[in-house]
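Asker: Listed below are the residues making up each chain.
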Amino acid sequence: MNRQPLLQIEDLSIDYIIVGGSIKAVRNVSFSINEGEVVCLVGESGSGKSTIGLAVAGALPENAIIRSGKIIFQGKDLLYEKSKNKKIDNVMIVFQDPAATLNPLFTVGEVISDVIRSHLQIRDKGEIREKALEVFRMVELPDPDRIFNSYPHELSGGMLQRVVIAISLSTNPKMLIADEPTTMLDVTLQAQILDLLLNLKKKLGLSMLFITHNLGVASEIGDRIIVMYGGEIVEEASSKDLINNPLHPYTKSLMECIPRTHIKHSRLKHIPGTVPDLRNPLKGCIFSDRCSEVMDICRVVKPLLKEYSKNHKVACHLYSEEEK
Amino acid sequence: MPISKEYVAKRLILLMLVVIGVLFITFIITRIIPARPELLWAGPHATIEQIQKAREQLNLDKPILIQFILYLHGFFQGDWGISWRTRSPVLIDVLSSLTATLELIIIAFTIAFIIGVPFGVLAAIKKYTWIDDVARIVTVIGASMPVFWLALIVQLIFGTWLGILPSAKRVDEWVVIVTGFKQITGFYLIDSILQGNHMVFIDSLRHIVLPALVLASYPFCLSARMTRAVMMEVSTEPHVRSLIAWGLPQRTILFKYSLRNTLVPVIASIGLSFGYTIIGAFMVELVFVWPGIGYYAAMSLLSFDYPAVIGCVLIVAIFYCVINTLVDIIHSAIDPRVKL
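Chains B and G, in that order, give the protein sequences.
Residues 415 to 738 (the working numbering) are what the first sequence spells out, left to right.
Residues 6 to 345 (the working numbering) are what the second sequence spells out, left to right.
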């Protein structure tokens, strides 16, 4: 793939200011997404994956500060564009909880109309409505006319998530950020929404940054998976490589945490210890205090994200010595 | 804004229960206070026989429960008793003073709401700046200042020192007499417009300014502080964050979306304080000699005029219920999830 990537994140660091200090939520993260590619960000809660999604969408909370880095989308620096109050039509975001994402006091139609009006140069009400109904049909919503005039509380969770996806698609974006779009839905709906997203990706040639804590979902939908831990990328590989040959001890233990039904009487696994305190991140490897294969060097020297094989990067001292 | 029959029925039944409950409690309380109202009724220098006759006339010689039943019997026929002080029917007294109070508090609340909400929005937008600090200082002072004290201060400044605004009564007597002004609705501002009587209109407007401003001070501070607090809370909610992420202009997010979310709780609390203010008007009316229900109730209390006191308490209770219902209806108009 020699094409210029659609989205390129370089050395991104984001802090949250809290009372009595700051949380270094994202530290020196770099990755890129090519056109038509689905990249999954996987990690526990607090790993900084959602923060990256919000940063790309330009919707970070007010107490977030971007310490360093660039977010380059189609050759433009999004952070710079955002600071100039320019609208970014080509990146849209789908959030986790569809019921909370939509304002309960407004009809779905009102919200999508405002989104369309502010992005596309359409003024005519009928035309806006046509466009809205078109995207409703695109996300396979039944009876789009009725849904246009419905309030969020009148729709089911699955329908709401489709509505949210429709709103995100209404500006004809090149890229969709999906921040745990299926976490709040029950299993059958999860599968439907994933299918829908994959179909849309094919049909519209969308690129996607798919944020999830579920490796299983990630391997299903993602072309590439980036595993994050404590605000850093620990491993990055194609989905197949990552699932078949996980390198980083954290990725391995994540895999072990996936419940398996074919092994009888096996206990559910978990990773001992807790998510690191990001007010004062560890000096060495961020995972060192929970790692089962920890070495002396891990506590002192931070491992860098290095290529282990083609398109498979890992940040772990276990591999840096062996290879060279 | 769909309102079901059940809602109407529920509200009416509730109103009935409140009325009877309030009547019972105030009636009992006013009867067990050892005040001997028959002395007042019979007048000074009354003979023992006259006082005895007054007792019988007022049913004071019968057991309390019988008195209450007799009272209820008259009450539901529109006979709320005769005021022992003014000697006119309580119902008429109460209703005519109610309009004076309503005129005052409607204007006060309109001022409070129309200025208070934008004030709160401004403080929320400019949070942690000097504008926010000024707003906080103003509203804290305003909310904690006793109304009667504030009333005296503005009387002193605008009435006595500057002499630009009158500080007592609803209207000057001579203007009424000269222009031949008649009451129609009891709201002087409306009546004067109806009669094309601009002299009374301007005069009653001048009279209402000070008491209305004083009365507005508390609800103004309340609405400003509530608006700021709720607005800041709303702005962190996911549905606002998503609008930001979807790239809506800040103006639209703020004034179309967040403001509406903010107004739901603000209107509820302002509405309830509206009901409460009819009592708060006591002080203001006394200081400004405003012939409203608060003034009437205070005078009745001071002269042990119990039928009038009961009438006042009842009107306030009914008023409170009506306001509650109105708040519910407004709430359901703003929030589609609320069905009445």
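Take the hints with a grain of salt, since some may be wrong.
To be verified - Derived pair list, reagent style DSBU-like, types lysine-lysine, alpha-carbon separation capped at 35 Å:
id, chain 1, residue 1, chain 2, residue 2
1, G, LYS15, B, LYS545
2, G, LYS15, G, LYS261
3, B, LYS617, B, LYS438
4, B, LYS438, B, LYS615
5, B, LYS727, B, LYS616
6, B, LYS496, B, LYS666
7, B, LYS683, B, LYS490
8, G, LYS344, B, LYS539
9, G, LYS344, B, LYS484
10, B, LYS539, G, LYS15
11, B, LYS438, G, LYS132
12, B, LYS720, B, LYS683
13, G, LYS132, B, LYS615
14, B, LYS683, B, LYS666
15, B, LYS484, B, LYS588
16, G, LYS15, B, LYS484
17, G, LYS15, B, LYS496
18, B, LYS615, B, LYS697
19, B, LYS545, G, LYS261
20, G, LYS131, B, LYS539
21, B, LYS496, G, LYS67
22, B, LYS654, B, LYS617
23, G, LYS67, B, LYS490
24, B, LYS654, B, LYS683
25, B, LYS490, G, LYS15
26, B, LYS490, G, LYS132
27, B, LYS438, G, LYS344
28, G, LYS15, B, LYS438
29, G, LYS344, B, LYS588
30, G, LYS132, B, LYS496
It should be emphasised that the hints constitute simulated quantities derived from the structure, not laboratory data.
None of these values were measured; they are calculated from a predicted model.
Asker: Run every hint past the structure and note whether it holds.
Answerer: How the hints compare with the structure:
Note on LYS15 of chain G and LYS545 of chain B: the hinted pairing is violated, with a Cα-Cα distance of about 45 Å set against a maximum of 35 Å. For the hint pairing LYS15 of chain G with LYS261 of chain G, the CA-to-CA distance comes to about 34 Å; that is within 35 Å, so the pair holds. Simply put, LYS617 of chain B and LYS438 of chain B have alpha-carbon atoms about 38 Å apart, too far for the 35 Å limit, and the pair is violated. Under the criterion of a C-alpha separation no larger than 35 Å, the hint pairing LYS438 of chain B with LYS615 of chain B is consistent with the structure, at around 33 Å.
Of the supplied pair hints, the one linking LYS727 of chain B and LYS616 of chain B holds, its CA atoms being roughly 27 Å apart against a limit of 35 Å. Distance hint between LYS496 of chain B and LYS666 of chain B is unfulfilled; the C-alpha atoms sit about 38 Å from each other, more than 35 Å. For the hint linking LYS683 of chain B to LYS490 of chain B, the alpha-carbon distance of about 44 Å lies beyond 35 Å, and the restraint is violated. Our distance criterion of 35 Å between C-alpha atoms is met by LYS344 of chain G and LYS539 of chain B, whose separation comes to about 29 Å.
Annotation: proposed proximity of LYS344 of chain G to LYS484 of chain B is violated, straight-line Cα distance about 49 Å (limit 35 Å). This hinted pair does not check out: LYS539 of chain B and LYS15 of chain G have alpha carbons roughly 41 Å apart, beyond 35 Å. Pair hint LYS438 of chain B plus LYS132 of chain G holds up; C-alpha atoms about 25 Å apart against a cutoff of 35 Å. Proposed proximity of LYS720 of chain B and LYS683 of chain B is supported: the alpha carbons are some 29 Å apart, at most 35 Å.
For a cut-off of 35 Å, the pair hint linking LYS132 of chain G to LYS615 of chain B is broken: about 42 Å separates their Cα positions. Between the alpha carbons of LYS683 of chain B and LYS666 of chain B the distance comes to roughly 12 Å, so the proposed pair stays at or under 35 Å and holds. For the suggested pair LYS484 of chain B and LYS588 of chain B, the alpha carbons sit about 19 Å apart, so the restraint of at most 35 Å is met. The straight-line distance between the Cα atoms of LYS15 of chain G and LYS484 of chain B is roughly 61 Å, outside the 35 Å bound, and the hint therefore fails.
The suggested pairing of LYS15 of chain G with LYS496 of chain B is violated, with an alpha-carbon distance near 53 Å, which exceeds 35 Å. Only pairs whose Cα atoms come within 35 Å are accepted, and LYS615 of chain B paired with LYS697 of chain B is rejected, the gap being roughly 40 Å. A C-alpha spacing of about 22 Å is found between LYS545 of chain B and LYS261 of chain G, which places the hinted pair at or below 35 Å, so the restraint holds. The suggested pairing of LYS131 of chain G with LYS539 of chain B holds, with an alpha-carbon distance near 34 Å, which does not exceed 35 Å.
Taking the CA atoms of LYS496 of chain B and LYS67 of chain G, the gap is near 82 Å; set against the 35 Å cutoff, the hint is violated. In summary, the hint linking LYS654 of chain B to LYS617 of chain B is supported, as the alpha carbons are separated by about 23 Å, within the 35 Å threshold. Between LYS67 of chain G and LYS490 of chain B the CA atoms are separated by roughly 92 Å; this puts the pair beyond 35 Å, and the hint is violated. For the hint linking LYS654 of chain B to LYS683 of chain B, the alpha-carbon distance of about 22 Å falls within 35 Å, and the restraint holds.
A C-alpha spacing of about 61 Å is found between LYS490 of chain B and LYS15 of chain G, which places the hinted pair above 35 Å, so the restraint is violated. Proposed proximity of LYS490 of chain B and LYS132 of chain G is supported: the alpha carbons are some 32 Å apart, at most 35 Å. Note on LYS438 of chain B and LYS344 of chain G: the hinted pairing is violated, with a Cα-Cα distance of about 46 Å set against a maximum of 35 Å. Using a Cα cut-off of 35 Å, the hinted pair LYS15 of chain G and LYS438 of chain B is violated, with the two alpha carbons roughly 55 Å apart.
With a CA separation close to 41 Å, the supplied pair LYS344 of chain G and LYS588 of chain B exceeds the 35 Å bound. With a CA separation close to 22 Å, the supplied pair LYS132 of chain G and LYS496 of chain B stays within the 35 Å bound.
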